[in-house]
Structures are given as C-alpha cells and as structure tokens.
Amino acid sequence: MRHLSKYRRHRFAGPMLLLFALFMIGTTYSVANATPKLSTNSFAKTTAIDEGRQIFLRGCSSCHGLNAEGGSIAPSLIGVGAASVDFQVGTGRMPMADMSQQAMRKKPLYTPEEVAALAVYVASLAPGPAIPTEAVVEYARDGNTAEGGELFRSNCAMCHNFAGQGGALSRGKYAPSLMDSTPVQIYEAMITGPQSMPVFSDKVVTPEEKLSIIKWIVSAQNEPNLGGASMGRTGPVSEGLLIWTLGIGLLIGISVWLATKAR
Amino acid sequence: MKKSEKVVGTVANYVDERTGAAKWLKKNLNKVFPDHWSFMLGEIALYSFVILLLTGVFLTFWFDPSQREVLYNGSYEPLSGIKMSAAYASTLDISFDVRGGLLMRQIHHWAALLFMVAIVAHLMRVFFTGAFRKPREFNWILGIGLLTLGIVEGFLGYSLPDDLLSGTGIRIAEAIIQSIPVVGSYLAFFAFGGPFPGEAFIPRIFTVHVLLLPGIFLALITAHLMLVWYQKHTQYPGPGRTEKNVVGYPLMPVYMAKAGGFFFIVFGVTAFIAAVASINPIWLYGPYTPAQISAGSQPDWYMGWLDGLVRMAPPWESYIFGHTISWNILIPGLIVPGILFTAMALYPFIESWLTGDKREHHILDRPRNAPTRTAIGAMSLTFILVTLMTGGNDLLATHFSLTINQITWASRIGVFVLPPLAFVITKRLCLSLQRADRDLILHGRETGRLVRLPHGEFVEVHEPLSAEKAYTLASHEQIPALDLPLEDGAGVRRPKALRAKLRARMSAAVTEQIPKPTSEDLKEIEHH
Amino acid sequence: MSKEVERLSDPGLPDHVHRKADHDPAAADKAERQVSILFMLSVVGTVGFIVAYVFVPSDKFIFVPVMGSTNAQQLFLGLGLAAATLFIGLGAVHWAKTLMPDTEEVAERHELRSEEVDRQDFLATFKARGASSGLPRRSLIKRTLGLALGLVSVSPLILLRDLGPLPKKSLEETSWKSGTRLVTDPGDRPIKASDLEIGAVAQVLPELTPGEERTLNNIAKDAVLLIRIRPEEFQLSPERLSWTHEGIIAFSKICTHMGCAVALYEQQTKHLLCPCHQSTFDVPQAAKVIFGPAARPLPQLEITVDTEGYLIARKPFNQPVGPSFWERS
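Chains as they are written, first to last, in this note's numbering: chain A, 1 to 263; chain B, 1 to 528; chain C, 1 to 329.
Any given hint might turn out to be false.
To be verified - Derived Cβ-Cβ restraints for the label pairs, each shown as a range:
| no. | chain 1 | residue 1 | chain 2 | residue 2 | range |
| --- | --- | --- | --- | --- | --- |
| 1 | B | L429 | C | R33 | 40 to 50 angstroms |
| 2 | B | L498 | C | G134 | 40 to 50 angstroms |
| 3 | A | T245 | C | S242 | 55 to 65 angstroms |
| 4 | B | K27 | C | F126 | 24 to 34 angstroms |
| 5 | B | E360 | C | G134 | 32 to 42 angstroms |
| 6 | C | D15 | B | K2 | 36 to 46 angstroms |
| 7 | A | G249 | B | I221 | 37 to 47 angstroms |
| 8 | B | P515 | C | A26 | 47 to 57 angstroms |
| 9 | C | S237 | B | S80 | 32 to 42 angstroms |
| 10 | B | L429 | C | G130 | 53 to 63 angstroms |
| 11 | C | R113 | B | R499 | 24 to 34 angstroms |
| 12 | A | Q102 | B | L498 | 51 to 61 angstroms |
Simulated from the structure, these hints should not be mistaken for lab results.
Quick caveat, the model's predicted, so the values are computed rather than measured.
Beta carbons: idealized from backbone N, C-alpha and C, even for Gly.
Please take these sequences and the hints and turn them into a complete structure.
What follows is the structure, given as structure tokens:
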C-alpha cells in the first residue's frame, strides 16, 4: 500500500511533527519534573498532590496499595501517568463497582477537580504519559478524516468494529463502543493502553496519526444515516433479524388478508 | 360491437391463426388455484427474484467489476483520497453519486435476503405439509437446487463490492477451497487466477453472478412453475376437497388480480424496508485489504449457519506423509453441509421407502398428523438455529453479557443434544395434538357452561363439532407400519433380513399415530 | 396396501356465503371507491417519488424518530416507490376480494400416469424407432460415439486450465527475507525496539526496496503483528526466545485457520483473538492455540535489530503462513 506512506510527505507533516514532538516533550517534562520541585509557585501544585493523595487513600488504596504500589487484585500505578488516571477515573471505570471481568464505563464518581488532583498525585509518583488536553483540541485542524479511517481500520477496527461500535473479546471481555468517547479520552487510551487495550506508541502511530484517528472517530460519531435506520452498525446479523421479523412478517400478514374471504 | 372490442378481436384472431393459442388459453383461464396464506410464500420468492432482476440490471449500468486500484474522489468525504478497487469505488458512486442508486442497492440486497427467507419458509411449508410426496418429488429436488444456488448467488452478490467485510468472506471461501485434499490449492489458484486475492476474482464472480447463475435460475424456476401448473396445486384438507379435485378460484380474473397485485405488494414492502432501514453500508466497512479486519465479521443470514458450524468446529488437523488435512474446515465447511443437503434432497424417497406409500397425494397433511416428519423438521430447524446463533456468538456475547467461550461450548454440546430433544418433544406434542383432535371429534367442544344433572352432579356441556370441522380433522388417513416378513413360508430367513428388520423398525417409528375416530366410534358415542 | 379405517363421510363444500357487495349495490360502490382510493394513493406515491428525485437535494438530512438523522432524498425516493407499488397491489387484491366472484370452483384432477394403451404404444414406438437407428446392434458406433462425447466434454475443462497459474511453492513463500526491515502499516516507517513500550503493538509489513510496489497479494502473506511484553513473561523454548528481541515478539497476522487478520491483542491476558471464528492464541507461549477452531499456532518471525537499531527479520518465516493446504508438510 504505497499510499499509506504519502502523508509522510504531506506539506504540514514536518512542522506538525516537530510541533507535537516539542509539545509532548514539554508536557511530559513539566508533569514529570515540576511536581517534585517545591518552588515558590508550586504551592498550589503541592496542595493538589496532597488533595489527590487524600482521595487516593480513601478511594483507591484498598486495592492499589497505600503507596500505589499495587496488590494482588490491582496493578501498580507508579509510572502510569496522569493520562491513565484521567482516563480511568474520568470515564467512571475506576473505582470499579465490582470485581467483574472488566471495568465498565459509567458515571464518574469524582468531580473533574478531584480527578485532576488524583492525576497530579499519581503523576508525582513517577513520570508517565501526561493528559494530552491541548494537543487533542487541534484534531479538527491537524487530522485527516480519510487517513484516520485507514489507520482506524488497521489498528482499531479489529476490536472496536468498523464503525467504532465495540466488539467482543475472549472470556467475556469486550472492546467498548467509542460513540461516547471524547477526543481527550481516545487520545489517553491510545497512549496508556487501558485494560485489554494495547499501547499505541508515538513512533508507531504518530501523534499526527492519532489526531487523524480521533477526527475519523468524531466523524463516525456524527455519521448520519445515509440509507435509513442504522440498526446498530454491527453488520449483517441485525439485517437478518429484521428481514425474518418485519420483512416476512409484513408479507405473511398481507398474505393472510389476501387469502381471507371478504364479508 | 364496440370499436375497442373489434380491435381486440382482430388482434386475437391474428395471433390465434398463427399459434392456435385460443384452445390452450381457454382451458387455462379456468385453471383453479386454492387460496391459503402459506401458498403465497413461494410467490414471495418468485417476486423477489423478479425484483432482483430489475434492480440488478440497474446496478450493472454503473458497477465496474474490476479490482484495478483507483483513488476515490467521490462525494463520500471520510473516504476521499483513499486507494481502493474500482469495484468498491463504483459501488460508492452508485450509493452517493447516482440519484436513487443507494435505494436500488438497498432494494437489491433486501430482496436478496427476502428471496432466501421466502425460499426457506416455502421449503418449511412444503416439508411440514408433505407437499413433496408423489408426484412432486422432482419439484422438491428442483427447490433444493434453487435453495443451494440462492446461497451461492447471494454470497457472490455481496462479495462484489470488495469491501472489508465481503473481502473477509472471500478470504474464508478461499481457505475452504484451499483445504480440499489433493486439489485444493490448485482449485484456489484457478479460481483466483493466482494467489489470494489477485485481481481476477471479482470480474469472474461478476459474470457468474449476473449471467451464469441467473440463467440457471430462470431455467429452474420455469421448470418449477411449469410442474406446479401441470400437476395442479395441492390443497389443505377440508369438506369437499378430495385427492381427485382442486378447489379454489379461477385464474381469470381472481387469481390474476391477487397474484399480480401481490407482486406489487412484495415490491412495495421491499422498497419500504429499503427506504427506512440501511443494509450493507459498505462505505462504513472500508475497502478490502488482507491486513485489516473488523470485530464482529459475519456473513449474511443464509450463510450464518455455515459460519456458526465453522466457529464451533474442534481444532483438528491431520498431518499424514507430509500432507495436511484440515478437518476444522472440511467438516463444518464441506462435509456437514454436503450431508445436510443430500439428506434433504433424498427425504421424499426415504419417507416413501419407510411408509411403503407409492400413491399420489394432493391433499396436504396437517403437521400433527405426520408426527415423525414434523419432528424431523423441528430437529433440523433446531440444528440450523443453534449453528446460526453461534454464527453471531460475538454479538450475543456483547449484547447479553455472555462470554464467547461459554457460547461456543454451549453450542458445541447443544448442536448434538438439542436437535434430538426437539425431535422427541415435537413428536410427543404432535401425538398429544392428535389425541386432542380425537377428543374434540368424539366429545365436541367444551362450552364452559356447567349444567347440574337431576342427581346433583355437575357436568360441562359439550357442543358437538360441525360436520365440516369434524371432517377436516379426521379426513386424513393413517398408514400402518410396514409388515416385512423376515422369514419365508418355510421358516427360512430371507436374504437381507437384517435390512428388512431395520426398515420395519424405522417404519413403525415413522407411522406411530393416535388412532383417529371412525364413524363407528361416533355412532357408539351417540348411543350413550 | 393398508386396512383403511372407515372415514367420516365428506359433507361436501360448505354453502357459499354472499358478501355484502354481492347483493347491496351501495356496498359494491363503496368497495369500488376504496379500490380507486388505493390506486390514487399509488399515484400520489409516484408523484412523491418524482418530486424527491428532482427537488430534494442529496445532502439534505431530516430527523425521523427511531431512525435518527436520515438522508431525505433516499428516504423520500424509497417511500414514494414503496407507496407507488404497494398501493397498486393492495388495490388489486381488495378489488379481487370484494368485487370479483368469490364462489369457489372445483376442478377435476386426473392421475398423471398415462393410459396403459399410451404407455404400451410409446414403448413399442420407442423400441422400434431406436432399433431402426441401428444403435443397439451396431456396437462399434455405440462405443465410438460414447468415446467421442466423453472426450468432447473434457474440452471445456482443458480450456479452463489457464484460469490461473499452478501454486508451485508460492503458498510457502512471503516477502520476508533475512535482514528485511519491519515498517509500520500504514506509514511505512522503520521502527526501533525502543519505539515500542511494554504493552504496545505495531502492525508491520516488510520494507519495500526502491521501485518495488506493495500489492494486496503481498500483504495477504506478509502482514505481521509486533507485540512487546516483559521478557520474563515469555514461556518459550530457548530457541524461540532467541527469535524475540527485548520482549518484542513478531507473529504472522494471517490466521492459521481461515486467513483472517488476527490482530485483537488483549494486553492484560496477552491473548490474540481472531474475530472471524474466535481462535485464541496465547502470546507468551508462542501463540499456542488455547481456544477455537485453529489447529496451529501463528508462525513466529525471527527478529533482531540492524546496525542502526531498526528491527529487522533475521530469517524468513520457517513455515508457510495462513490457512492449511494439502501440500503443506
């Protein structure tokens, strides 16, 4: 597939790549290094770490350990980074409601401020992926929908289905639907690899490509029904169900009317 | 004489002098067709075929059956600039750049699904009512042929757009061809013009899909209908209906209006579904490349049972003398379907061998009056249903919070356990329905009115059945089991005694019935 | 044949019940009006169809409950066509039911078997005519004709020979050679071991030499999945372990069952799942099959790094990739 290499030579590719590389380095550096420092301006940050630690001790430490070192039922959080916390807690997956196969997306337990504090606390433990807020805001400008679709089908569709509706994994696990995911959450998931999902490293799927993927997903979220009711966008199974119920049902109904004597 | 009548008369005279059609037409305009909703199922299949021809011709005007690589620059934004085959690009063009093109594509695909649904429903009607019995065995076999061709034609049709989902289907079809012992890889290379996917397959299946198979379809459907016409339609049992007559409405005008109108109804319903419900949204699937795949890749429903069989297959492969035999593909992909379709085609002959019944039948059986046949039907349907559900096991898993592994294991066991269970339950059910019929004829309908007898006992008043109803319930005949002597008169074992014994035993099972009431039974009851 | 039990006597066809329209002209006129209303609805449908075709722009969307935001042109074209056809059908059937004669007619059925005289006559004619051809007597003609017809029917098969080349060894070969770099798919960028974090995956293809083009035929055999886990998690033989590089292991992405792309990697359980038939492969055990219909593990590609630190294949695959075939040993 020669065409896939073409956006290497896209006229924005060089500058954009540089910009994002700088930005990513900058953010990572600031999150990783700024937190342990106790400069005069870092009073707010320190309090945020403390606040985050308090929330952590109340809500997370029973599984993840008092120092986030992990336990028999939960992984260590040292080095997972702020992005991971923001994704897991911000989408309501953590804290888990029960010990099921998989943490489900649900209503977040904590307010955005509390999530932010938790993220700062976990990020202060060791360097890890930072929350990519500002990078993602620009997906509309820097992403390419069609290329994003190509990347999505190569890297994501096998689990999340061709239209991002999600799909089954082994032993009761599943890849969730992406229809409610925000651009930031999608970005966080790609760089942190939550739960069953693998990590998509920046050298393998570049930040620019990630933005294209996000742009495609956003377009899929808003995809209008070009041919009528979408029926879940899961392929031929729902089509088969419809023809065996509504289709043949309507026609049998009419046949019964046709074969009944009029009065 | 009015002017218009004069014109028609002139034309009719002109045609008849050259064809002698009047005699044939006179006879056939009076041809009688029995009316029943279940007799419309075959018509639905016929009319969806006509719809498929009409919409299919429309689609060929724009479809480019080529795997040549092109850059898409049509109006569907999320794919613009993507490299794809001309087949996929032209399908996108039909969908978005030809007005009404998407509607025609959707009618075509929905009609294809409906065609297969109607064929299967029609097959069930014919099977459960015993309409396949002499003299209609040929038509049964033609029907099985049409069903098989329909599956192939449907598969080829949805493979044409060369999208990610259908390409995956072709990939699997290639693996099945490749798994055939000895000649598999040669056949695959011939079919694909080299290694998979190549650039030859879609142009080739296009010709097969639009020319070869529709031609065979037309020939088989014509033969199927001519036989129905010539042998006259079967009818349900009822007063005045015998093996020697057919009761219904004449071709002209009633049947013409109903059947002709029903074509428009089938077209209208298909168009309605195509207007409101999306089907095969290939623009969402993306173009095919072998390195990509979507979660939940399933075939259309009439292939789903095959896919389910493959999903539940055990991981068996044999390695003998430097050769590989893939039982995990051969068993579910070729052997089991082969056995199923052969058994289905031979069923009329098997049944008549076991009942010893070689007479013509034009009155249909009520399913309960052929308990073993009905049970065999229920067993087969259960088998297909289990495999069909396994074909969607990943969607079942996500929608009902199950695990793929549980469903697969349940189906691996269920496919052996549930069909025999369905057989036993259905047979018992039929026999008890026969018992209920017998009671109904002998004792009449329960009215729910209680009457106190002079000596104080309460009894429910039973209303006797009308003569028509009683006749409908009891007009069928009950064939006794074959009596096959194992020894000849001198007490010497006959040759093939073992086979005869087996046949007699099976015959006894097939003909198991609740004795139906006779006129004598009724008379006897009247004396009370 | 059977000892036929005595049947209940056939009461004969039930009496014909007249419809309202049969004796009440007003009811008949009403039925006629209903039929023509149905036909007029069809006319309205066709008009709507034409209006939708000419006037509704293809990029107009409307919100319909249950269906959501829907393309208006497609919807109205479809509804117009549906009404145009459906109401013709409903009208015709209603007409047939209410106004056409509804007395059931009885037609006699005749046994399909021909009269005995005709059968004998046919047999005699057939035999006589057949004999007059000389075919039964002249066995030389019979045999040579049989041979000729048999052979001529082979000729289409001969013509089909050029449908495709012989497979030869091509099912066993891929583009991977010793030293081929692994490049990302899509993107075609070479990757270093350090580019992959623990838990990361990469879809890769062999790097193209200048002037070479990648075809789908190549991808169908070359697609490879790279997975990085902690090296201590491998449960591999020393030989297979040496095929990995710093915890990075490479598998053919083409399922050994039916050739689908196996790329559903579950990072926590380290399972690879095929979405077509749910064969599950365990990555730390060299993609051993732990569930589903696949019989063989995914072929592992031996990888290392070149002098510049980019991941390369050390050797081609040591076995054919993809589904089984007869010649595969």
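Structure-based check of each hint:
1. L429(B) to R33(C): 40 to 50 angstroms: holds, 47 angstroms
2. L498(B) to G134(C): 40 to 50 angstroms: holds, 47 angstroms
3. T245(A) to S242(C): 55 to 65 angstroms: Roughly 57 angstroms apart at Cβ, these two residues keep to the hinted range, so it holds.
4. K27(B) to F126(C): 24 to 34 angstroms: holds, 28 angstroms
5. E360(B) to G134(C): 32 to 42 angstroms: holds, 39 angstroms
6. D15(C) to K2(B): 36 to 46 angstroms: At roughly 38 angstroms between Cβ atoms, K2(B) and D15(C) fall inside 36 to 46 angstroms, so the hint holds.
7. G249(A) to I221(B): 37 to 47 angstroms: violated, 25 angstroms
8. P515(B) to A26(C): 47 to 57 angstroms: For A26(C) against P515(B), whose Cβ atoms are near 53 angstroms apart, the range 47 to 57 angstroms holds.
9. S237(C) to S80(B): 32 to 42 angstroms: Violated - the Cβ-Cβ distance for S237(C) and S80(B), about 49 angstroms, lies outside 32 to 42 angstroms.
10. L429(B) to G130(C): 53 to 63 angstroms: Holds, at about 54 angstroms.
11. R113(C) to R499(B): 24 to 34 angstroms: Cβ of R113(C) to Cβ of R499(B): about 29 angstroms, so the range 24 to 34 angstroms holds.
12. Q102(A) to L498(B): 51 to 61 angstroms: Holds - the Cβ-Cβ distance for Q102(A) and L498(B), about 59 angstroms, lies within 51 to 61 angstroms.
Comparing the model with each numbered hint stated earlier shows that hints 7 and 9 do not hold.
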